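For the protein sequence lines, the chains are A and B, in the order given.
Mapping to our numbering: the first sequence position 46 is 46, numbers consecutive.
Mapping to our numbering: the second sequence position 19 is 1019, numbers consecutive.
Read the hints as simulated data drawn from the structure, not as lab findings.
Since the model is a prediction, treat every value here as computed from it, not as a measurement.
Quick reminder that beta carbons are idealized off the backbone N, C-alpha and C, glycines included.
Hints should not be assumed to be uniformly reliable.
Claimed, not checked - Coverage of chain B stretches by chain A, computed from C-beta distances (three or more under 8 angstroms per stretch; other residues unrestricted):
no.	segment
1	1018–1030
2	1046–1052
3	1062–1070
4	1082–1096
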Amino acid sequence: EVQLVESGGGLVQPGGSLRLSCAASGFTFSSYWMHWVRQGPGKGLVWVSRINSDGSSTTYADSAKGRFTISRDNAKNTLYLQMNSLRVEDTAVYYCARVRGYSGRDFDNWGQGTLVTVSS
Amino acid sequence: QTVVTQEPSFSVSPGGTVTLTCGLSSGSVSSSHDPSWYQQTPGQAPRTLIYSINTRSSGVPDRFSGSILGNKAALTITGAQADDESDYYCLLSMGSGIYVFGGGTRLTVL
């Protein structure tokens, strides 16, 4: 069974940093492209970032570019999102998601999310 | 910046049919955008319903179907049930590894 478990969320002050993790199991993690998606309180889903299977290619939404870094450790079956210069508007539940079919353009499995709160 | 548009809310009677749409602020949705649809109930992670325009994800009832209608992607629910009351999001691939979700449609079944 595919499992994605996010962790690392919490309360951080504006301007601070946080690193989220997504532990994957039940599939060959190193073969799949992965994404981060977030959802602010009472708001819709927002795509954040994507990484290819070996970590050599990454893309970001404009809101994340220059502040967030997606990475992965295939030996540890873990996806990361390093978030720097956090803003109040980054407050959200952050989900990791697996693409369908190794490098598909949609998601077939989602984690349960981890809450990031940016507040002073 | 391209905005993906969805109806903010929709209502359908039990047993009825409803079509939710997903458009672009500029231009038309096509197969190249590889539209997919996700269902989310409050407090839960999203669930994948439809991918590649019209392919149902595993375990999704056949009352859910996807299509391209005119210049938009569409999700049709035929024979709506009470537990279809959810938020629905479309996702478009914009090319160059960039993706955009629509703002979501809150569907009420009453």
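Okay, the hints, checked on the actual structure:
{"no.": "1", "hint": "1018–1030", "verdict": "violated (count 0)"}
{"no.": "2", "hint": "1046–1052", "verdict": "holds (count 5)"}
{"no.": "3", "hint": "1062–1070", "verdict": "violated (count 0)"}
{"no.": "4", "hint": "1082–1096", "verdict": "holds (count 5)"}
Checked against the numbered hints above, the structure breaks hints 1 and 3 and satisfies the rest.
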